[in-house]
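Trainee: This is what each chain is made of:
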Amino acid sequence: MESTQTTQLPAGGATLVDEVDLTPVRTYWQLVRQRFVRHRLAVIAFFLMAILITAAIAIPFLTGTAWRETSLERINQPASLTAPFGYDNLGINTFVRLMKGLQTSLFIGLAAVVVIVFIGVTVGAMAGYFGGWIDNALMRMVDIVLSIPTFFLILMLVAFWGTGNAWVIIIAIGLTGWTTAARLVRAEFLSLREADFVQAARALGARDRRIVMRHMIPSAMAPVVVAATLGIADSVVVEAALSYLGFGITPPEASLGNMLTKAQDYFYRDPLLAWYPGITLVLVVLAASFLGDGLRDALDPRQRVEAA
Amino acid sequence: MARYVLRRLIQAIPILIGISVIAFFIVYLAPGDPFDRFRSNKVSPEVIANLRRVYGLDQPLPVQFYKWFTTFWTFPWDNTAWGYSITDGLPVRDKIFERIPSTLQLMGTSLLLTVVIAIPVGILGAVKQYSIADKVIAVVATIGYALPTFWLGLILRQIFAQQLDLFPLFGKYSFGKEGDLLDLLWHLFLPALTITVVGVAGWSRYMRASMLEVLRADYIRTAKAKGLASSRVIFKHALRNALIPIVTLLGLTIPSLLAGAAITETVFSWPGLGFLGVSSVSERDYPVVLAFAMIGGAMVIVGNLLADILYAVVDPRIKY
Amino acid sequence: MTQRATDGGELLAVDGLRTHFYTQDGVVKAVDGISFAIRHGETLGVVGESGCGKSITALSVMRLIERPGKIVEGTIRLAGRDLLRFSDEEMRDVRGNAISMIFQEPMTSLNPVYTCGDQIGETISLHEGIPRREATDRAVEMLGQVGIPDAKRRAREFPHQLSGGMRQRVMIAMALSTNPELLIADEPTTALDVTIQAQILELMKALRERNRMAIMLITHDLGVIAEMADDVVVMYAGKIVEAADVNTVFERPHHPYAKGLLASLPRMGERRTRLEVIQGVVPNPLNLPSGCLFMRRCRYAMPVCATPPPLQEIAAGHLSRCWLTPAGEPPAIGPDATADVALEAAAALSVAP
Numbered sequence: 003m004e005s006t007q008t009t010q011l012p013a014g015g016a017t018l019v020d021e022v023d024l025t026p027v028r029t030y031w032q033l034v035r036q037r038f039v040r041h042r043l044a045v046i047a048f049f050l051m052a053i054l055i056t057a058a059i060a061i062p063f064l065t066g067t068a069w070r071e072t073s074l075e076r077i078n079q080p081a082s083l084t085a086p087f088g089y090d091n092l093g094i095n096t097f098v099r100l101m102k103g104l105q106t107s108l109f110i111g112l113a114a115v116v117v118i119v120f121i122g123v124t125v126g127a128m129a130g131y132f133g134g135w136i137d138n139a140l141m142r143m144v145d146i147v148l149s150i151p152t153f154f155l156i157l158m159l160v161a162f163w164g165t166g167n168a169w170v171i172i173i174a175i176g177l178t179g180w181t182t183a184a185r186l187v188r189a190e191f192l193s194l195r196e197a198d199f200v201q202a203a204r205a206l207g208a209r210d211r212r213i214v215m216r217h218m219i220p221s222a223m224a225p226v227v228v229a230a231t232l233g234i235a236d237s238v239v240v241e242a243a244l245s246y247l248g249f250g251i252t253p254p255e256a257s258l259g260n261m262l263t264k265a266q267d268y269f270y271r272d273p274l275l276a277w278y279p280g281i282t283l284v285l286v287v288l289a290a291s292f293l294g295d296g297l298r299d300a301l302d303p304r305q306r307v308e309a310a
Numbered sequence: 034m035a036r037y038v039l040r041r042l043i044q045a046i047p048i049l050i051g052i053s054v055i056a057f058f059i060v061y062l063a064p065g066d067p068f069d070r071f072r073s074n075k076v077s078p079e080v081i082a083n084l085r086r087v088y089g090l091d092q093p094l095p096v097q098f099y100k101w102f103t104t105f106w107t108f109p110w111d112n113t114a115w116g117y118s119i120t121d122g123l124p125v126r127d128k129i130f131e132r133i134p135s136t137l138q139l140m141g142t143s144l145l146l147t148v149v150i151a152i153p154v155g156i157l158g159a160v161k162q163y164s165i166a167d168k169v170i171a172v173v174a175t176i177g178y179a180l181p182t183f184w185l186g187l188i189l190r191q192i193f194a195q196q197l198d199l200f201p202l203f204g205k206y207s208f209g210k211e212g213d214l215l216d217l218l219w220h221l222f223l224p225a226l227t228i229t230v231v232g233v234a235g236w237s238r239y240m241r242a243s244m245l246e247v248l249r250a251d252y253i254r255t256a257k258a259k260g261l262a263s264s265r266v267i268f269k270h271a272l273r274n275a276l277i278p279i280v281t282l283l284g285l286t287i288p289s290l291l292a293g294a295a296i297t298e299t300v301f302s303w304p305g306l307g308f309l310g311v312s313s314v315s316e317r318d319y320p321v322v323l324a325f326a327m328i329g330g331a332m333v334i335v336g337n338l339l340a341d342i343l344y345a346v347v348d349p350r351i352k353y
Numbered sequence: 107m108t109q110r111a112t113d114g115g116e117l118l119a120v121d122g123l124r125t126h127f128y129t130q131d132g133v134v135k136a137v138d139g140i141s142f143a144i145r146h147g148e149t150l151g152v153v154g155e156s157g158c159g160k161s162i163t164a165l166s167v168m169r170l171i172e173r174p175g176k177i178v179e180g181t182i183r184l185a186g187r188d189l190l191r192f193s194d195e196e197m198r199d200v201r202g203n204a205i206s207m208i209f210q211e212p213m214t215s216l217n218p219v220y221t222c223g224d225q226i227g228e229t230i231s232l233h234e235g236i237p238r239r240e241a242t243d244r245a246v247e248m249l250g251q252v253g254i255p256d257a258k259r260r261a262r263e264f265p266h267q268l269s270g271g272m273r274q275r276v277m278i279a280m281a282l283s284t285n286p287e288l289l290i291a292d293e294p295t296t297a298l299d300v301t302i303q304a305q306i307l308e309l310m311k312a313l314r315e316r317n318r319m320a321i322m323l324i325t326h327d328l329g330v331i332a333e334m335a336d337d338v339v340v341m342y343a344g345k346i347v348e349a350a351d352v353n354t355v356f357e358r359p360h361h362p363y364a365k366g367l368l369a370s371l372p373r374m375g376e377r378r379t380r381l382e383v384i385q386g387v388v389p390n391p392l393n394l395p396s397g398c399l400f401m402r403r404c405r406y407a408m409p410v411c412a413t414p415p416p417l418q419e420i421a422a423g424h425l426s427r428c429w430l431t432p433a434g435e436p437p438a439i440g441p442d443a444t445a446d447v448a449l450e451a452a453a454a455l456s457v458a459p
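Protein chains in written order, with the working numbering: chain A, 3 to 310; chain B, 34 to 353; chain C, 107 to 459.
Calculated from the structure, these hints are not laboratory results. Careful: at least some of the hints might be erroneous.
Claimed, not checked - Derived DSS-like pairs: lysine-lysine, alpha-carbon spacing no greater than 27 Å straight-line: (1) B/Lys-269 / B/Lys-161; (2) C/Lys-135 / C/Lys-176; (3) C/Lys-258 / C/Lys-176; (4) C/Lys-135 / C/Lys-311; (5) B/Lys-269 / B/Lys-352; (6) B/Lys-269 / C/Lys-258; (7) C/Lys-258 / B/Lys-352; (8) B/Lys-168 / B/Lys-75; (9) B/Lys-161 / C/Lys-135; (10) B/Lys-168 / C/Lys-365; (11) C/Lys-365 / B/Lys-161.
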């Protein structure tokens, strides 16, 4: 950080041009990345998440339908190279099924978050930008959605409208989870509305929609990104709970949740069965949580000075 | 303040109406009906039609809604106000009220334990920031927080009840021991532990964060500049301020207690409200489900209101 | 603790104080070799821009520096005893008792959940061992002394119920309630309206008179210095660049920075279209330049400035950290003079480090 400065001094009497601070200048994204990389845990989480996602895509792809292929001969066979966790009571390769379950759970979690972000950003942006009665009406809606106990509502939606249907689950989680994102976006918009660059855009004659889409939404996205990442963790757990209780993804489809139900039933054959999907689930939650924390610090650094 | 509370309660009415409409239509517009279970070759269609008539399911939806909504509020004195359960024909209100004590026992114990453990842990983490203790606590708390409640319950049950046979497998009392306090506690232990572990993980983090923020404040610097001992600074000046958001959060988590209880109660077959809620959904016991939605909604509203009232009580800056 | 001498003996003597902050981006030498003294009953003004280290100096005296900061060198003698060697308990005895401090933001410097009377009473009760009841009565008395009307009622109120000026009075009451020998005031009026500012300064002067109290007054406002201070110390980038009594500093500033500060003050009756400014910006503390820290903004910059000048006594009781002669001329050592020659010339004139 030390820079050696050899300066040419003018002859006495002349004043110098304004000082240039020679610490290197960085762009916004470089700063973000720099701050992110400082959090070792967040970086580990990033790689962990990458590994999980890759495994969830690759292994089912490579093994095709193996995750549901039953086989009388392989019932309860112990672990082997191609079956690190052995075979279950139907002769299905537990590891392969686990990966398929991970794929399902991750897919639902991510898709639900997409829905959440979509609804949340739209509602929040409208409320924050237009204000007035639109804002009031939308916030009333938020209040009502928030007033219904979330899990119970999701349970009702899924149980009555589509047990075992991934899309129903996604929509149910999405419809109940958008409130936080909406509030965040609304708050950002309320303050951004009066910001200079928005006024400038208006002065240049830009239409409302253009202002919102091109200028305001990008600024408001930071907290939403954080909330979305953390939301992945919640969504995956909700899906797992639903499947465990029998309302979500049902066998023969695979989900981390319904593997736990089976594990409970077949406890006496293999107590470890409850651990595989459980640990996987915990890993997903941990990865998403640390990633979210790291992103939050990277994107919004009101950091105190930390000891070296 | 009284006027504020009244105003909030009045504001709650449209919300409750909104909830009732949403819940009602989710339930009754859904494909299938509660009697699907009963349909088989042995049961004639007339019996089913009769059942439908008895439960009022043959009427147009708005009429059903109207009937249900208007009788709903008579529940304090009329135990049929919430209808009859389709599963066992008992008055819904009785079924629900009967379960309340069990849930209160579970949630009350868990909440108490959580608070008693989480607050000191959080304070410790904040005061000794960056120390080994803090790092250990942070790691443990993060892992604890990431554990899905139902999985933790499942594992605990597997290890301590099934494998080691130290605790009972399910229920609230062993046969013939109803009313025995020790037996109750023995059954209560694992489910309460499950909820407490996850609870402590979360609350200790809030406490630590709140404490850290308070410790950075100017008035703490003033307190130190006055020559106060650090225990005084922490426990008199900082803690009182740090507890403010915690206390209000407590009010807000009351409704989620019900949800958390639901899953844990199901894992341990603890006969509480949550268990009833889940089983009523799986059995399509519509009257019970609806009553649940309303209770849940009411609890959320009360919880929010409680949070705001507590806030005004503990923070002298707030006046309604 | 000490005899309250009004003979002008030294109450506080700081010598070679260095307080550094070990941050993730590097070491910040917030205070880098400061020495000064305050005599009983006298007011020392500490002037400088934001970030020059004046607040850190005050916090160092109170030993309120926390991670990642650390006092790495120096002595701070209070009536002869080095505070840096005091145990925690001894230090707590000093704080709020022999030395009191008031801060810039009265809004946030008082605990919002306790009443004003409670907070003042706490200090009194702690240091004088009297029961809370009595302490609260004394607190009400103090509030009256600092000019708060209806003191009894105010004592039962919370900080948010008072205006900014009143809150600062409460802080002063709290600080003075134990009759300290030294009051450290860190920008006490900066956050207040100008009219309130005047009132607070009057109050401080009156109390100073009455209690024979020494004051270390930290501010960037030269007007306040002119009104309150007996002696002045000018700080820049963690070092003292000029020190003298207040009249000398205002009439005969020597260091180019001090000169620049005074020149930038608009004066009544002047007709100007532009204000005088000091070119450039304060150096980045993580990336301090070599040589004299002010060199790059200085209109007198000379080749010899590549060697940082020591603090020299250019006249009786007047110190300046600059190679210019006491008369303000470039030193007669030739444009290519090496550091040694410069230092020799300096040694010929100087006393100080």
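Trainee: Look at each hint and say if it fits the structure.
Mentor: Tested hints:
no.: 1; hint: B/Lys-269 / B/Lys-161; in the structure: holds (17 Å)
no.: 2; hint: C/Lys-135 / C/Lys-176; in the structure: holds (10 Å)
no.: 3; hint: C/Lys-258 / C/Lys-176; in the structure: violated (42 Å)
no.: 4; hint: C/Lys-135 / C/Lys-311; in the structure: violated (34 Å)
no.: 5; hint: B/Lys-269 / B/Lys-352; in the structure: holds (23 Å)
no.: 6; hint: B/Lys-269 / C/Lys-258; in the structure: holds (24 Å)
no.: 7; hint: C/Lys-258 / B/Lys-352; in the structure: holds (22 Å)
no.: 8; hint: B/Lys-168 / B/Lys-75; in the structure: violated (65 Å)
no.: 9; hint: B/Lys-161 / C/Lys-135; in the structure: holds (26 Å)
no.: 10; hint: B/Lys-168 / C/Lys-365; in the structure: violated (51 Å)
no.: 11; hint: C/Lys-365 / B/Lys-161; in the structure: violated (47 Å)
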